[in-house]
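> Chain B: place on chain A using the hints.
The lines below spell out each chain.
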Amino acid sequence: MRGERSDMSEDEDGGRGGAGGGDGAGDGGTDTPVPFSDQVLENVLENVLQFLSSPQDRNAASLVCLPWYRAEAQTRRELFIGNCYAVSPRRATERFRRIRAVVLKGKPRFADFNLVPNNWGAHFQPWVSAMAAAYPWLEKLCLKRMSVADSDLSLLAHSFPNFKELSLICCEGFSTAGLAVIAEKCRHLRVLDLIEDYLEGEEDETVDWVSRFPETTTSLESLGFDCVGSAVNFEALEALVARSPALRRLRVNHHVSVEQLCRLMARAPQLTHLGTGSFGSAAAPLLQGGGCSVVDLARTFAAFKSLVCLSGFRDVAPHCLPAIYPVCANLTSLNFSFANITAEELKPVIRHCHNLQNFWVLDAVRDEGLQAVAATCKDLRELRVFPLDPTEDSEGFVSNVGLVAISQGCRKLRSILYFCQQMTNAAVVTMSKNCQDLVVFRLCIMGRRRPDHRTGEPMDEGFGAIVKNCKKLRRLAISGLLTDKAFAYIGKYGKLVRTLSVAFAGDTDLGLRYVLEGCTQLQKLEIRDSPFGDSALLSGLHRYYNMRFVWMSSCKLSLRGCKEVAQRLPRLVVEVIRDRDEDDDDEGVQKLYMYRSLAGSRNDAPSFVEIL
Amino acid sequence: MSTDTGKSSTESEVSGLDYEETELKLGLPGGSRIAGSEPEKKRGFAETVDLSLAGEPRSRDPGDRSTDGLVSGAGKPPAAKAQVVGWPPVRSFRKNALKSCTYVKVAVDGAPYLRKVDLEIYGGYQQLLTALEDMFSCFTVRNYPNERRLVDPVNGTEYVPTYEDKDGDWMLVGDVPWKMFVASCKRLRLMKSSEAVNLAPRTPQGSTSAR
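Protein chains in written order, with this note's numbering: chain A, 1290 to 1901; chain B, 607 to 817.
The set of hints was computed from the structure by calculation and includes no laboratory data.
Heads up, the beta-carbon is just placed ideally off N, CA and C, and yes, glycines get one too.
Examples of chain B residues lying across from chain A (beta carbon under 7 angstroms, computed):
(1) Pro694
(2) Lys701
(3) Ala703
A short list of chain B residues far from chain A (calculated; beta carbon distances all over 10 angstroms):
(4) Val710
(5) Lys711
(6) Val712
(7) Asp715
(8) Pro718
(9) Tyr719
(10) Asp740
(11) Asp758
(12) Thr763
(13) Pro783
(14) Ala802
So here's chain A without its partners, still in its complex pose (with noise of 0.2 angstroms):
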């Protein structure tokens, strides 16, 4: 949605391998002099191997042999690091040492959430000073949910003369004052993309980083700052949109009005991806004259050719919304979950949407507008329905009505996301026979541990239906009334189930056990609220080394039992994460966060985290 980088899960793509894959192999690299014909042999496959790009290619290559682990090390470019604290930085550096891209994940999904505390760790700093020293030529970093200071860009800045794509997604720690370092610094930047990050002191004195960037020509192809919470320098930015010719895609933040996105806009008809900030107007409504009237928003738009993406809407005046109708045919990809709409100002624009693939959307629409989409949009891949009032005893606006309609009329859905406040299993059970496609399945039922509003049951049925009849399923989220046999579906049949996450819900210690011993994939469990115990936990000994990390929070677990795993398998590493009002003393472990690693306990932890 948000570029390629938006979601960074790997379900969808078929997931990748971590840079730790191949390291089974040693260390890489004795000192002994290598035979003539041994160099020749490794040039020829280093010359091969550049060509083979996808992680788990490349892991599966390192683990042949020494020399092919010694070529493949030489010749990776970007490595990929699922879990910050899996490796070190000084093990990563030394193994690949012609790194020129890097993404890099730090804290858990659930710090998302509020359930993981401030300062629980994922610093960027010892990444980048250690990737300072190794690869002077690095181009590309993506990180997410790091936290990154303002010294950490600055040292970026100044490190890598050849420095590109900066893609920086639910990260915090870093304020304007970084971006204007990065902007002033990274002479060859191409990509600033910021994803729903947390800036600092927004409420204070702002840097103006607009303005820092060269004043020549510059090689930008994409800058997005929808998430960055203070109005920025608009002249600057008009004036960078202008001498930026390569720019393709461009997304604003809320302050940034209609008539002045109108003028931005003059600037760059070759857009393919937008991001209209408030699309509210900053005086009164637009059809008064001076500046742009609805008619020239339309007409500005129909000059885009190549437009596919649209996101923003933050503060849409409905009236401003017909203006798009131009470039509704074309696009692929519509944002609408800030928008704050009705049904009746969804249809006229939706029914343009022929070749729509990723629609986000607020519930405010109703059933009646996802009966619309569904009318329309037969191409649909990604459908996300969030909720216009995040609370539990919200008025529900969309129903099982919405999820049937939706598939029959999406054939092709891979993926969906949808928040509503009570559902039935016939209407899931529906989705999963008429979506066969479907890779990602996540049903956010808000009430919690609400049955079936039709029938009083479980939702079990549901559940059941889509793990066994979406057979390409990744990733699964569930939620409402379930008990263990919802597990034991899932268990049976969720073969190829990487992704699992799981809140109030399930029995007894069975339900997880369930999981852990039939889902064969699995490589990242996260669960908050349900009634598991040690011995659940101590029943998926045999997985953990497979999996990325597990987390349960508020389930029944002891530290007993947590100690235990810890003691089993020394190389993974146990977090047990406390609350400020907990008692150290206490035996129940409130949160717990595991994950496999060659680096040990980490050094970094803060006084609330022990390791065990």
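Below, chain B alone, put in the same frame as chain A:
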């Protein structure tokens, strides 16, 4: 079936916004106020508070929706169930982005500066007007049969609460259901009655409920 583990948060919905300059206490949508809670500055670990609202034991039945004794809501009773940290799983960025539009500026004819109120924390019109009364402490609320006005007791000037809606029209406060008002109100203006003659005509008496 296991019950809630007792961790609840007052501020997980509004973390990230800084309210030092307003006197308003943050509360859950619907208006319940939790004494002693502090707004979190950023999305991070929220203060956990065990809510026992109005002295009633917390409901253990997931389906129960007992009314919060602190608030008389307009229409639907506000949430009494203790809100749980991080549930529903919506990122703070999104919550804040959608929430911030409920803050509206309040202007009073003749006053030199404006105030800002968060419409979401009130349960209905009466509470809003009471809050305005507190805010611009010179006013008292006078109730007419179908509308409420604010009166400055010093000089007897009557003020009519009006608001600008999404379409840019200036409307009289109180005509539409409360939730619809919250959704469409962009800003408030306490207009002197003498100037309020040009507003959209009121619907006939009794046909619209202000709550």
